[in-house]
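**Student:** Chain by chain, the residues run as shown.
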Amino acid sequence: MTWLRGHFFDVLSLAGQHIYLAGVPLVLGLLIALPLGWLACRYRVLYPFLIIGTGLLYTIPSLALFIMLPLLLGTRILDPINVLIAMTIYTVALLVRTVADGLGSVPDVVNQAATAMGYKRVRRFMSVELPLAVPVISAGLRVAAVSNVSIVSVATLIGVSQLGSLFIDGFNRAFMDPILVGVVACVLLALLFDLAILGGTRLLTPWQRAGKASS
Amino acid sequence: MIRFDAVSKQFPDGTRAVDQLTFEAPTGKITVLVGPSGCGKTTSLRMINRMIKPTGGRIWIDDQDTAEMDEAQLRRGIGYVIQHAGLFPHRTIVSNIATVPMLLGWDKRKAEVRALELLERVGLPTSYAKRYPAQLSGGQQQRVGVARALAADPPVMLMDEPFSAVDPIVREQLQDEFLRLQGDLGKTIVFVTHDIEEAIKLGDQVAVLRDGGNLAQLTDPAHLLAHPIDDFVADFVGRDRGYRSLSFQKSPRFPLALESSVPLGATPAQAVSAARDGWVLVIDADRRPLGWIEPGRITAPIRPEMLRRGGTVARAGGPLRNALDAALSSPSRRGVIVDDEGALLGTIRAYEVLAEIEERARPELDEADLERAGLQPIEETPG
Amino acid sequence: MISRILAWLADGAHWQGDDGILRRVVEHLEYSVTALLIAALIAIPLGLYIGHTGRGRFLVVNALGAARAIPSLGLLFLAFLWLGPKLSGDIAFLAPAGLVLVVLAIPPILSGTYAGVEGVDPAARDAAVGMGMRGTEVLCHVELPCALPLILSGTRSAMLQVIATATIAAVVGLGGLGRFLIDGLAVRDTPQTASGAVLVAILALLVDMALALVQRLVVSPGLTGRYGKVSPTDAETGTAIPASALQQSV
Chain A
1 MTWLRGHFFD VLSLAGQHIY LAGVPLVLGL LIALPLGWLA CRYRVLYPFL
51 IIGTGLLYTI PSLALFIMLP LLLGTRILDP INVLIAMTIY TVALLVRTVA
101 DGLGSVPDVV NQAATAMGYK RVRRFMSVEL PLAVPVISAG LRVAAVSNVS
151 IVSVATLIGV SQLGSLFIDG FNRAFMDPIL VGVVACVLLA LLFDLAILGG
201 TRLLTPWQRA GKASS
Chain B
1001 MIRFDAVSKQ FPDGTRAVDQ LTFEAPTGKI TVLVGPSGCG KTTSLRMINR
1051 MIKPTGGRIW IDDQDTAEMD EAQLRRGIGY VIQHAGLFPH RTIVSNIATV
1101 PMLLGWDKRK AEVRALELLE RVGLPTSYAK RYPAQLSGGQ QQRVGVARAL
1151 AADPPVMLMD EPFSAVDPIV REQLQDEFLR LQGDLGKTIV FVTHDIEEAI
1201 KLGDQVAVLR DGGNLAQLTD PAHLLAHPID DFVADFVGRD RGYRSLSFQK
1251 SPRFPLALES SVPLGATPAQ AVSAARDGWV LVIDADRRPL GWIEPGRITA
1301 PIRPEMLRRG GTVARAGGPL RNALDAALSS PSRRGVIVDD EGALLGTIRA
1351 YEVLAEIEER ARPELDEADL ERAGLQPIEE TPG
Chain C
2001 MISRILAWLA DGAHWQGDDG ILRRVVEHLE YSVTALLIAA LIAIPLGLYI
2051 GHTGRGRFLV VNALGAARAI PSLGLLFLAF LWLGPKLSGD IAFLAPAGLV
2101 LVVLAIPPIL SGTYAGVEGV DPAARDAAVG MGMRGTEVLC HVELPCALPL
2151 ILSGTRSAML QVIATATIAA VVGLGGLGRF LIDGLAVRDT PQTASGAVLV
2201 AILALLVDMA LALVQRLVVS PGLTGRYGKV SPTDAETGTA IPASALQQSV
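Line order of the protein sequences matches chains A, B and C. Note that my numbering numbers the first sequence so that position 176 is 176, with each residue one more than the last. Take any residue in the second sequence, note its place counting from 1, add 1000, and you have its number in my numbering. Take any residue in the third sequence, note its place counting from 1, add 2000, and you have its number in my numbering.
Be careful, since some hints might not be right.
As the list claims (entries may be wrong) - Which residues of chain A face chain C? A partial, calculated answer using Cβ under 10 Å:
#1 Leu-65
#2 Phe-66
#3 Ile-67
#4 Ile-77
#5 Ile-81
#6 Leu-84
#7 Val-110
#8 Ser-147
#9 Val-149
#10 Phe-171
#11 Ala-174
Calculated directly from the structure, the hints in this document are not laboratory data. Quick reminder that beta carbons are idealized off the backbone N, C-alpha and C, glycines included.
Could you put the whole structure together from the sequences, leaning on the hints where they help?
**Tutor:** Structure (structure tokens):
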């Protein structure tokens, strides 16, 4: 397609923006979700509150959140920081439950054995529970990544520039090519994230490779 | 009656799970299929209700070829109990039990009444009727599983390791209650287990299967213990066969030694005067034995903590094994024998039980055994 | 800002008429519910089939995974550019938007349905067949009721997806609450935009709660663990419903 050849670097730069807007929240969201999820798992009383609370956040449609946040934070609507924060909120909402369930999936006997061997709380969390929870958390992270890539494109409507800008561009000019390129680019990006997370998971869980055929 | 006629099962990948299996499971009796993993026992069971289709041979239920029957109809007439009960989690207990009757089109009221009956029959309180399976323990769920299988009163029951998933104490209770239930109901049962002890305890006849689905030996438990047909079966049946076979032999009316006894609270002086040798038996108000005591060692009236309880107690007329164990385990070397109510009858010494055992004839070799081994019967000389 | 939003919402004129709040809410619900029902009619039988027979599973799982990545806005525009010129009148924007709404609602429901059917206790399934239930009876009496928690949570996910996408679809001319957001953005009427956002958020929350209530009522207590008082010595605690695969929301 000739349009792509003419605008290749534009697309690339938009993709870069998109990676930034979708990826940074993934990392931030994970970092925030880890302690929250741990709380929900450790203090079962908190579980329903945390899960329902974050669930409520996830229920808010993205465009609505992109619009409400700047008003709450006092930033301008088309400031990308709104998108970053909104995406982080969504990521946290998705991951808190995943982290809680992931930590919960570590068999009790393993935790007890670790304690009996003399691991203190924090060390046990870092060396035993978290690594074993990685498969479940990673599955949730993959869902969050794909979800983020897709949602970020909506930010076009508030004027933030990323791959979604191609959609508006194509629509305004009644021209399908940019839209198609945008869609394909999003899917490829999602795939990239997915593979990156999968790769990271495999690195972190050598015992899974050694044992069974595939996760 | 269930008849296997040269039944074979070969899976598409080439494994031969069952090989030319031929045997009869008599009506009203429990036939146990037992063997190591991979011997085809579960496969054979599941071929009876056609959950697995045989690749060779036929299976007959009361002269009807199961291959000719509609599968669903066939299964509705067979009670099916599996290892993890498989109760429907979304239905109440009563609704679970009433499943087959409802499938058969019974009136809903009638099905529920029947379900409640069976709930009691398997030893669960009727208050459980409206509960859900997740609220029950493993053993309780298993009981519901049995009740469910009995609901439509099928003549045949298939049981696939039904008691394996519960702990040993619950398992023993379930086994005892199952035997009691079968005593009342007299169903034709094919029972699969990997546990030879369970097979010997429950089976009227036991079929030992070899790896690869071959029938190694089919006989009653006593015979199996006494005459294992080859090394495989002998190994599988295991050690201590002599003692275990004593479970199948009833004690005769042993001449029992009268045993003097004292109640709890008796003074040392009373104990000493009652004792024949260094030991005296302590009983309760109903003449039930509580334990032994050495009068020479006590300094105060007898209290429960002072009792030596190592000895088991055998019922008169019960298995020889229990009588022998009572004598062997007793601190005083005198085995305590009680009546059906548990009241003291007398004591017996180990050598007396052994004498009885030695005088008994071993289970006879039957014609099949003789023929297989190429032996001849020994002529009984009269006089 | 909050006061401006409240003032905008308090203005009676904004509630009445063809582009009043009430009308928009009704429109939004109409689109969403219709799309959801159509999607359910397609996805649930398909999911039941795949879960029950296991056929097509590999294909569907991977396709669904890929489908999650497709951005709804792009899809909306593509559909509009492709179908719009072929149709005239209202259908010109209703059809493309409607198509996209249905297409986006299918994956969560499909995923929940076959995962639900697959998650049925194999022992229960084995027992059902062994007792003499035929294929359809096993499906209706055992698999479907046991799969209900996941089917319903998949439906909830789909509903959120649809409500959110319907909001955005205002960009291609659809009505509904999205109009306030899109129109407000176009003319820089911030109170309108903000109020629209708040309204959509509230609608989404209310609908989700309503569906949660339906879930509570319809799913058997034996599955959820809500039995009321139980004696601690006899009972085991019920198992929690497995986490549904959260789907893309927009």
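**Student:** The structure should be examined with respect to each hint, and the outcome stated for every one.
**Tutor:** Against the structure, the hints come out as follows:
{"no.": "1", "hint": "Leu-65", "result": "8 Å, holds"}
{"no.": "2", "hint": "Phe-66", "result": "8 Å, holds"}
{"no.": "3", "hint": "Ile-67", "result": "4 Å, holds"}
{"no.": "4", "hint": "Ile-77", "result": "8 Å, holds"}
{"no.": "5", "hint": "Ile-81", "result": "17 Å, violated"}
{"no.": "6", "hint": "Leu-84", "result": "17 Å, violated"}
{"no.": "7", "hint": "Val-110", "result": "20 Å, violated"}
{"no.": "8", "hint": "Ser-147", "result": "5 Å, holds"}
{"no.": "9", "hint": "Val-149", "result": "6 Å, holds"}
{"no.": "10", "hint": "Phe-171", "result": "4 Å, holds"}
{"no.": "11", "hint": "Ala-174", "result": "6 Å, holds"}
In terms of the numbered hints stated before, the structure departs from hints 5, 6, 7, listed from lowest to highest.
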